[in-house]
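As you go down the protein sequences, you meet chains A and B in turn. For any residue, its number in my numbering is found by taking its place in the first sequence, counting from 1, and adding 150. For any residue, its number in my numbering is found by taking its place in the second sequence, counting from 1, and adding 150.
No lab work stands behind these hints, which were simulated from the structure alone. Check before you lean on any hint, since a few could be wrong.
Claimed, not checked - Think about it this way: if two alpha-carbon atoms lie no more than 25 Å apart in a straight line, the pair counts; the simulated DSS-like pairs of lysine-lysine are:
hint, chain 1, residue 1, chain 2, residue 2
1, A, K457, B, K487
2, B, K275, A, K473
3, B, K321, A, K457
4, B, K457, A, K480
5, A, K321, A, K275
6, A, K457, A, K189
7, B, K456, A, K473
8, B, K487, B, K214
9, A, K430, A, K456
10, B, K473, A, K457
11, A, K480, A, K456
12, A, K487, B, K456
13, B, K214, A, K456
14, A, K328, A, K430
15, A, K487, B, K457
16, A, K473, B, K457
17, B, K275, A, K456
18, B, K405, B, K430
19, B, K480, A, K457
20, B, K480, B, K430
21, B, K473, A, K456
22, A, K456, B, K457
23, A, K457, B, K456
24, A, K480, B, K275
25, B, K214, B, K275
26, B, K430, A, K456
Stated by the list, open to error - The following label-pair restraints were derived from C-beta to C-beta distances:
hint, chain 1, residue 1, chain 2, residue 2, range
27, B, N342, A, G472, 52 to 58 Å
28, B, T187, A, Q426, 41 to 47 Å
29, B, S446, A, Q426, 26 to 32 Å
30, A, H427, B, T237, 50 to 56 Å
31, B, L215, A, T237, 56 to 62 Å
32, A, K473, B, K155, 52 to 58 Å
33, A, D330, B, S446, 24 to 30 Å
All figures in this text were calculated on a predicted structure; none of them were measured in a lab. Cβ atoms here follow ideal geometry from the backbone N, Cα and C, with glycine treated the same way.
So you can see what is in the structure, the chains are spelled out below.
Protein chains: 2
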Amino acid sequence: MNREKTFAVIMAGGIGSRFWPFSTEENPKQFHDFLGTGKSLIRHTFDRLNRFVDADKILVITNKLYVDQVKEHIPQIPEENVIGEPTRRNTAPCIYLGARFIEGMDSDAQVIVAPADHLILEEDKFQSCIQLALDTAANENSFVTLGIEPSRPDTGYGYIEFEQNDSEVKKVIQFREKPDRSTAEAFLKAGNFYWNSGIFIWNNRDLIDGIARHVSSIQNALSSVDLKDFEALEAGYSACPDISIDYALMEKAEKVNVVRGNFSWSDLGTWGSVYQHLEKDAFGNAGTTAEFGNSSGNLVVDEENKKIVLESVQDLIVINTGKALLICHKDAEQEIKQIVARQSKS
Amino acid sequence: MNREKTFAVIMAGGIGSRFWPFSTEENPKQFHDFLGTGKSLIRHTFDRLNRFVDADKILVITNKLYVDQVKEHIPQIPEENVIGEPTRRNTAPCIYLGARFIEGMDSDAQVIVAPADHLILEEDKFQSCIQLALDTAANENSFVTLGIEPSRPDTGYGYIEFEQNDSEVKKVIQFREKPDRSTAEAFLKAGNFYWNSGIFIWNNRDLIDGIARHVSSIQNALSSVDLKDFEALEAGYSACPDISIDYALMEKAEKVNVVRGNFSWSDLGTWGSVYQHLEKDAFGNAGTTAEFGNSSGNLVVDEENKKIVLESVQDLIVINTGKALLICHKDAEQEIKQIVARQSKS
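Please put together the full structure from these sequences, using the hints given.
Next comes the structure, spelled out in structure tokens:
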């Protein structure tokens, strides 16, 4: 890799409604220190990338509501590198917008695109994977994604089917959306499926060409907009389809590779996935401030530093914030999105 | 009954540790509005008695820590009628102390003794029972207690065994402590058992004589103490045994009657008994501020007016206060006392 030419785009526009009331529209998931590490998820993401990408080549694209919060969490980034999306779209418009900014900085750039709110351990391994992906993109002019070796038939992740070979770099056959349980089990048995990490690597020029070819609606809306004219950008952004980069480009492009990510990874997409990464007591309870009696398998997250006691309860998610208290059985955490929907109506 | 001669003693020294964290040593059960009626339990108790006992003949005996709180809750009572116990004893010393104060006001008084923290509905019926009990005590010089017709084999109450007759006034055979389940079932089947309400009626002179005869240790400690000399009172009180009036007197006296209480009553001794008296939704959830999804049989008490959501959980007791949060399975509420004990150690 060529450090001079390497850029990164951190996507930080999500609201993480599955984590209500801990994560809210005003203070979404990426700004929280979910695992009690002392740093927010977005700050971890920046630090992880900053080991091999210069701070002035790291862009953060977020909702316009969160621009100030991003600057607070990552003061190292030049102000102009924090870009507020005028409106909520999916990943494809966001990534194309980033590409246009980078195009103005270096016409020959390579780009790493990463979500702000994932958990990655083993950062050395992560760095090696990224380097391999950058080299692959440079050599083959391909779109590269990092795939995670699945450890269980998780139905909460998308999967990537690849052609078996002996290399760490595989050719992608197809992307598969979140499967049902039996399909996920079949994927694991087949052995040529990775989890889709949502981390992408490519040459910036290839991305801009790829969008032009496969998603002309985005190209039409944003390719000629003056990036300093917020009103024009807003109009262009509104005209973009709400579409993911997986669906818009990766599934359609011809040259798509996946590099095996051998680092520990979680999208922290559910409380269940957060729970997996927390330290637990002998009875499987996680939560630093709580006292557990005859209780097991519980997750307690408390923003108020309250005295919390759980007695004779199992497998609960307990989230206490200054404004709200959620007590939800672990098996029902997919209901949290509906709860949030009901809150915003009432 | 003769209103002029009728006095009442409200016993308000308990701390209700089974209701942690809602009820604490600083702010115990009797000062809470448990059922959301707009009045504290002690205020309800005063109002109920004040219908037929003049305010200046109602005494409150409480721990010295709570004297000011009592005065706040019941400003109608003359200040000197609120008596602070120097130390924590059981009901017998408290009742004897009340008797000595009343002796100084009227040597011919009749007395109603009632706990501050019970729930009583149907106050007209309550009044009729009290009047019958006062007349009985006057006519027979007996110690009278109100018994409640048991509606279920509750193991949380003491029982009173009586001689069957056709009157509302029965002769007590014996007091029975909290039974196990099968014993309680046998009591119900036998048909001559009431729950012990802990409400007593007698002539003040009989009570003083009864204590002198059956619990000379209390008489020795308190009979000659100058009630205005707090240090002497403290010394006398410390010398008293920690003993209930049931055990000290009622089980030993010869003339003991029980009047059938046909009003609705609960000692609100557990969250389960509080829950029974709260309004519930179609799924048996009680708690005004909470939102319940796929949840049933839960009790939520919230002092913070927080947004509380329960999702897919059953039979929980959830108590949220400014300082603490308790989540306890209903079947385990007897553990709460141990939890409080652990808290006070830590």
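Hint-by-hint comparison with the structure:
1. A:K457 <-> B:K487: 16 Å, holds
2. B:K275 <-> A:K473: Distance ~44 Å between K275 of chain B and K473 of chain A Cα, so the pair is violated.
3. B:K321 <-> A:K457: Violated, because 50 Å separates the two Cα atoms, which is more than 25 Å.
4. B:K457 <-> A:K480: 20 Å, holds
5. A:K321 <-> A:K275: Distance ~21 Å between K321 of chain A and K275 of chain A Cα, so the pair holds.
6. A:K457 <-> A:K189: Roughly 24 Å between the alpha carbons, so the hint for K457 of chain A and K189 of chain A holds.
7. B:K456 <-> A:K473: 6 Å, holds
8. B:K487 <-> B:K214: Holds, at roughly 23 Å.
9. A:K430 <-> A:K456: Roughly 19 Å separates the two Cα atoms, so the pair holds.
10. B:K473 <-> A:K457: 6 Å, holds
11. A:K480 <-> A:K456: Holds, at about 22 Å.
12. A:K487 <-> B:K456: Cα-Cα ~19 Å, so holds.
13. B:K214 <-> A:K456: 29 Å, violated
14. A:K328 <-> A:K430: 28 Å, violated
15. A:K487 <-> B:K457: With Cα atoms ~16 Å apart, K487 of chain A and K457 of chain B stay inside 25 Å; holds.
16. A:K473 <-> B:K457: Holds, at about 6 Å.
17. B:K275 <-> A:K456: 44 Å, violated
18. B:K405 <-> B:K430: With a Cα-Cα distance of about 43 Å, the restraint between K405 of chain B and K430 of chain B is violated, given a limit of 25 Å.
19. B:K480 <-> A:K457: 20 Å, holds
20. B:K480 <-> B:K430: Answer holds: K480 of chain B to K430 of chain B is near 15 Å, not above 25 Å.
21. B:K473 <-> A:K456: At roughly 6 Å apart (the allowed maximum being 25 Å), K456 of chain A and K473 of chain B satisfy the hint.
22. A:K456 <-> B:K457: Measuring from Cα to Cα gives roughly 16 Å; hence the hint holds.
23. A:K457 <-> B:K456: 16 Å, holds
24. A:K480 <-> B:K275: Judged against 25 Å, a Cα distance of about 49 Å means the pair is violated.
25. B:K214 <-> B:K275: 33 Å, violated
26. B:K430 <-> A:K456: The hint is violated at about 28 Å.
27. B:N342 <-> A:G472: 52 to 58 Å: Given range 52 to 58 Å: holds, Cβ gap about 56 Å.
28. B:T187 <-> A:Q426: 41 to 47 Å: Given range 41 to 47 Å: holds, Cβ gap about 46 Å.
29. B:S446 <-> A:Q426: 26 to 32 Å: 29 Å, holds
30. A:H427 <-> B:T237: 50 to 56 Å: Once the Cβ atoms are compared, 52 Å apart, the range 50 to 56 Å for T237 of chain B and H427 of chain A holds.
31. B:L215 <-> A:T237: 56 to 62 Å: 60 Å, holds
32. A:K473 <-> B:K155: 52 to 58 Å: 56 Å, holds
33. A:D330 <-> B:S446: 24 to 30 Å: Between D330 of chain A and S446 of chain B, where Cβ atoms are some 29 Å apart, the hint holds.
The structure shown violates the earlier hints numbered 2, 3, 13, 14, 17, 18, 24, 25 and 26.
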